[in-house]
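There are 2 protein chains.
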Amino acid sequence: MAEKIKLTSREQDYSQWYLDVAQTGELFEYSPTPGCITFLPKSTDIWQRIRAHIDAKIRVMGVQNVMLPMLVPMEFFMKEADHVEGFAPEIATVTRVGDKELDAPLGLRPTSETMFCDFFRKRLRSYRDLPILCNQWCNILRWEKRTRPFLRTAEFHWQEGHTLHRTRDEAWEFVLSILHDVYIDTIRNLLAIDGIAGRKSESEKFAGGDVTTTFEPMMSNGWALQICTSHLLAQGFMEGFDVSFADEDGSLKHPYYTSWGLSTRSIGGMISAHSDDRGLIIPPRISEYRAVILPIYGKDRDEETNAYARRVAAMLVPDGTEIPVKGESMRAVTNNQERVLLDLRNERVGAKITDWELSGYPVRIECGAREMDEWVVTVASRITGEKSTVPVSEVFATVSRLLNEGQTELLRRSTERLRTNTVACRTLEEVGAAVEAGKFALYAWDLDPEFEKIIKDRWKATTRCLPFDGQFTDELLPITDPKLHRVIVARAF
Amino acid sequence: MAEKIKLTSREQDYSQWYLDVAQTGELFEYSPTPGCITFLPKSTDIWQRIRAHIDAKIRVMGVQNVMLPMLVPMEFFMKEADHVEGFAPEIATVTRVGDKELDAPLGLRPTSETMFCDFFRKRLRSYRDLPILCNQWCNILRWEKRTRPFLRTAEFHWQEGHTLHRTRDEAWEFVLSILHDVYIDTIRNLLAIDGIAGRKSESEKFAGGDVTTTFEPMMSNGWALQICTSHLLAQGFMEGFDVSFADEDGSLKHPYYTSWGLSTRSIGGMISAHSDDRGLIIPPRISEYRAVILPIYGKDRDEETNAYARRVAAMLVPDGTEIPVKGESMRAVTNNQERVLLDLRNERVGAKITDWELSGYPVRIECGAREMDEWVVTVASRITGEKSTVPVSEVFATVSRLLNEGQTELLRRSTERLRTNTVACRTLEEVGAAVEAGKFALYAWDLDPEFEKIIKDRWKATTRCLPFDGQFTDELLPITDPKLHRVIVARAF
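Protein chains in written order, with my numbering: chain A, 1 to 493; chain B, 1 to 493.
Please keep in mind that the hints were generated in silico from the structure rather than gathered at the bench.
Using N, Cα and C, we set each Cβ at its ideal position, and we do this for glycine too.
Possibly wrong hints are sitting among the right ones.
Have a look at the derived ranges for each label pair, beta carbon to beta carbon [claimed, not checked]:
(1) B:310 to A:456: 57 to 63 Å
(2) A:99 to B:12: 24 to 30 Å
(3) B:319 to A:391: 39 to 45 Å
(4) A:321 to B:397: 32 to 38 Å
(5) A:99 to B:476: 42 to 48 Å
(6) A:49 to B:247: 36 to 42 Å
(7) A:391 to B:247: 42 to 48 Å
(8) B:99 to A:349: 54 to 60 Å
(9) B:470 to A:390: 52 to 58 Å
(10) B:401 to A:49: 35 to 41 Å
(11) B:404 to A:318: 25 to 31 Å
(12) A:310 to B:470: 37 to 43 Å
(13) A:49 to B:75: 35 to 41 Å
Quick list of in silico lysine-lysine cross-link-like pairs, DSSO-like style, CA-CA up to 27 Å [to be verified]:
(14) A:79 to B:100
(15) B:299 to A:100
(16) B:100 to A:122
(17) A:57 to B:326
(18) A:122 to B:6
(19) A:6 to A:326
(20) B:122 to A:145
(21) B:79 to B:57
(22) A:100 to B:100
(23) A:326 to B:387
(24) A:57 to B:57
(25) A:326 to B:6
(26) A:6 to B:122
(27) B:253 to B:6
(28) A:253 to B:326
(29) B:100 to A:145
(30) A:460 to A:387
(31) B:145 to A:122
(32) A:122 to A:253
(33) A:326 to B:57
(34) B:299 to B:326
(35) B:387 to B:299
(36) A:100 to B:483
When you get a sec, could you build the whole thing from the sequences and use the hints?
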């Protein structure tokens, strides 16, 4: 592969670079279904790791998983006025089965608030039933005109949480807990991407929501990406679907409703935030393989070198563990906890290194004749670029250190980029200039929607969030007038 | 709940009994989408456990997970003649997005052979790429006229494996390995259901397949249920989608294709196979909670009794583990490995026991004033009915024993039922009589399809499989004529 594909550079064409990185990183394949992609094993594995992390977090919070149908009766969408307006143009509709027309067409879920409301109505009776905390892992379909693998596809995968609470305060606390303890934790600590937490403006919030909270990470071109949102929903859903409960005093009340989702778009964020002109970079914590061992051959593939490579592998995994071999057997071995891969292909060392770079796996371990003689190996990090020759006895410690440092370094870079490229702007023109330079513009906004029209028309920019307190000092951008609010303006995928 | 619902008995009306058990066991909720159900937390958890077991098994075999789109271009179904004939009437078709008609309608996958073939065509080049071993966990839609929760629903969930091999022998070996090492292992050892392994007749095999293998378990009414199938597919798919590879000698060849699936129908099998007139029974290995502690109160809810119940719980889980409380907090606690649940509701002991019976959880632990005085508990098994009073110090050992014995006992019963209710039949009339009596009829068949028409018309029965050798002795049904083959005839869900 290395010799066939020349990566476009980030500088030259960011969009093409992104596609090249995702393709040479073997994350996706184009699909015959318009706007959809095939998730290859590597991205499926990454999603599985993100899923396991989030699932464990929310289950400890008391959230229970359910599975609701993917097809939604079309009249359901009509029950919440803003909701139908927001989603109607994107809903793929089943009108026929075999050669028979359906009496009542069904929509493929663009999100499942309406189905959960119907579900809640049947189950909620008394204040004693509250809170009800549900989640589902599922596929979603939103027809998109312009698609981009992972970042914007017609079908994507996500979790969508839906909860009911007795009071608005309790619901709001839950919305924030999901945002901070689950989403920001996942995005910073697993995906190693930093961003800005806040609430969406009125025009950018969820269709049918009251307050939408978000964590907007910055990509390597300075654009924003909406990976996750956590909503306090308006009472419209509860009224439209007649969801209510008998409170302690016997009175009938509507509960407060939250919904929240994080999607496979996060994989697009990972690609865009970390990768470079040599290809994909995957944060160690979510990488299927973390260390690739490359035996370096002389003229021929050399059994002695392979045997040495296997001895090195044995320093990383328990005795007798079978190590997956690139291009031969990709068996998942349960005790391969260091996630080691052997590249025994009979290729030149340059080609193997290039392939490893494109793969995005964090660490490589070279062992050739020179290393063998001295009982050492050469270990290199894809992330920090550190390369050193160490005794075989130190390979485990060295790899562990490089993985930890790599994970930390990716987040440090992301935080640094965010800090450097978020600029305080005093005027509309400064906002425009910042956005055009690939930066987040921090601005004091009077919440007038006219502003959002202007930045969209002139610079294709949107308000990304009204940051929560504590992220920006008065020094950077003082807020003197109580009518003004800090806002982040940026271009977004 | 206990006092509101009276279960229909199995004897009285099997179908209604099945529904009552599944509903009082809180496994599903009816859905507003025709033919679909909502999987409640308990059945979602069971499916998750089945999934984790199968996923680990196939990954060790080298199978990699991918995610392909759920929408399939309609023309894809036309490329394999038998396949389109088999599935066309069940395919739900998206013809519209928002208010715009699509130029090319898309079908919701009823299975993904066509999409995998297109995917394989793009990726397969050389014999060195083989085998290609893929799987996906996904939802499926097949429009059904008559539905029954879990057993037959329009949307269901499954895994579908798709693999390519260089030779027919290798493909066939893989088909059998999936059937035996993965499916039969899962159905017998997790679901505790026994059945008969074999191949499907020509008329019952997969549309577009060459050989379909199956494991047909017997339900408690003597009907069969198709839970899993593992197919060696015909070359039609490879030809229709032009999937080929350059062999070692440079010649272009079609690979051999297998596909295999196990679905959420298995949960229906679990309900039907084990439950009784007192409600649901869940095999311990796949039950979310395995032991429910029921404090028995005097006149009032008694804090002393609750404290005692918590001390008993502490014998089952590590120190400091928070135990989920029925109706209060259902937090999943990672170190609650014994999967203990506390029922602290202020209900009469009879109501609590009835609720526990309906829940299907395998073991209950009663602790009231009498137990507290003597530092003992009363432990009972939902499966074997064993009930004994043991010192608190023995609660862990007793619960563990009852769980193991319960799992074993369910499989033993299932095996016994299968053995007793599979009867050798010499004539067509004997086949009919056996089927009508709720039995599997073992018959020597000449493979004439006319036979299948007759048994369907006269007794609503089908051939379930041609059993593999070794399951039935010559003594039971001698096969003297080489044109004759053993076949199992039964009614099926």
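Hint-by-hint comparison with the structure:
1. B:310 to A:456: 57 to 63 Å: holds, 59 Å
2. A:99 to B:12: 24 to 30 Å: Distance hint for residue 99 (chain A), residue 12 (chain B) is violated at roughly 40 Å.
3. B:319 to A:391: 39 to 45 Å: holds, 42 Å
4. A:321 to B:397: 32 to 38 Å: holds, 34 Å
5. A:99 to B:476: 42 to 48 Å: holds, 47 Å
6. A:49 to B:247: 36 to 42 Å: Since residue 49 (chain A) and residue 247 (chain B) have Cβ atoms about 37 Å apart, the given range 36 to 42 Å holds.
7. A:391 to B:247: 42 to 48 Å: For residue 247 (chain B) against residue 391 (chain A), whose Cβ atoms are near 45 Å apart, the range 42 to 48 Å holds.
8. B:99 to A:349: 54 to 60 Å: holds, 59 Å
9. B:470 to A:390: 52 to 58 Å: holds, 56 Å
10. B:401 to A:49: 35 to 41 Å: holds, 37 Å
11. B:404 to A:318: 25 to 31 Å: holds, 29 Å
12. A:310 to B:470: 37 to 43 Å: holds, 40 Å
13. A:49 to B:75: 35 to 41 Å: Given range 35 to 41 Å: holds, Cβ gap about 36 Å.
14. A:79 to B:100: Roughly 22 Å separates the two Cα atoms, so the pair holds.
15. B:299 to A:100: violated, 62 Å
16. B:100 to A:122: Distance ~34 Å between residue 100 (chain B) and residue 122 (chain A) Cα, so the pair is violated.
17. A:57 to B:326: holds, 20 Å
18. A:122 to B:6: holds, 20 Å
19. A:6 to A:326: With Cα atoms ~22 Å apart, residue 6 (chain A) and residue 326 (chain A) stay inside 27 Å; holds.
20. B:122 to A:145: Status holds; Cα separation ~25 Å.
21. B:79 to B:57: Violated - the C-alpha atoms of residue 57 (chain B) and residue 79 (chain B) are around 32 Å apart, more than 27 Å.
22. A:100 to B:100: holds, 20 Å
23. A:326 to B:387: Between residue 326 (chain A) and residue 387 (chain B) the Cα gap is close to 55 Å, so the pair fails against 27 Å, i.e. violated.
24. A:57 to B:57: holds, 26 Å
25. A:326 to B:6: violated, 59 Å
26. A:6 to B:122: holds, 20 Å
27. B:253 to B:6: violated, 62 Å
28. A:253 to B:326: The given pair, whose Cα atoms are some 24 Å apart, holds under the 27 Å limit.
29. B:100 to A:145: holds, 13 Å
30. A:460 to A:387: Distance of about 42 Å is beyond 27 Å: violated.
31. B:145 to A:122: Roughly 25 Å between the alpha carbons, so the hint for residue 145 (chain B) and residue 122 (chain A) holds.
32. A:122 to A:253: With a Cα-Cα distance of about 15 Å, the restraint between residue 122 (chain A) and residue 253 (chain A) holds, given a limit of 27 Å.
33. A:326 to B:57: holds, 20 Å
34. B:299 to B:326: holds, 20 Å
35. B:387 to B:299: holds, 25 Å
36. A:100 to B:483: Violated: residue 100 (chain A) and residue 483 (chain B) sit about 43 Å apart, past 27 Å.
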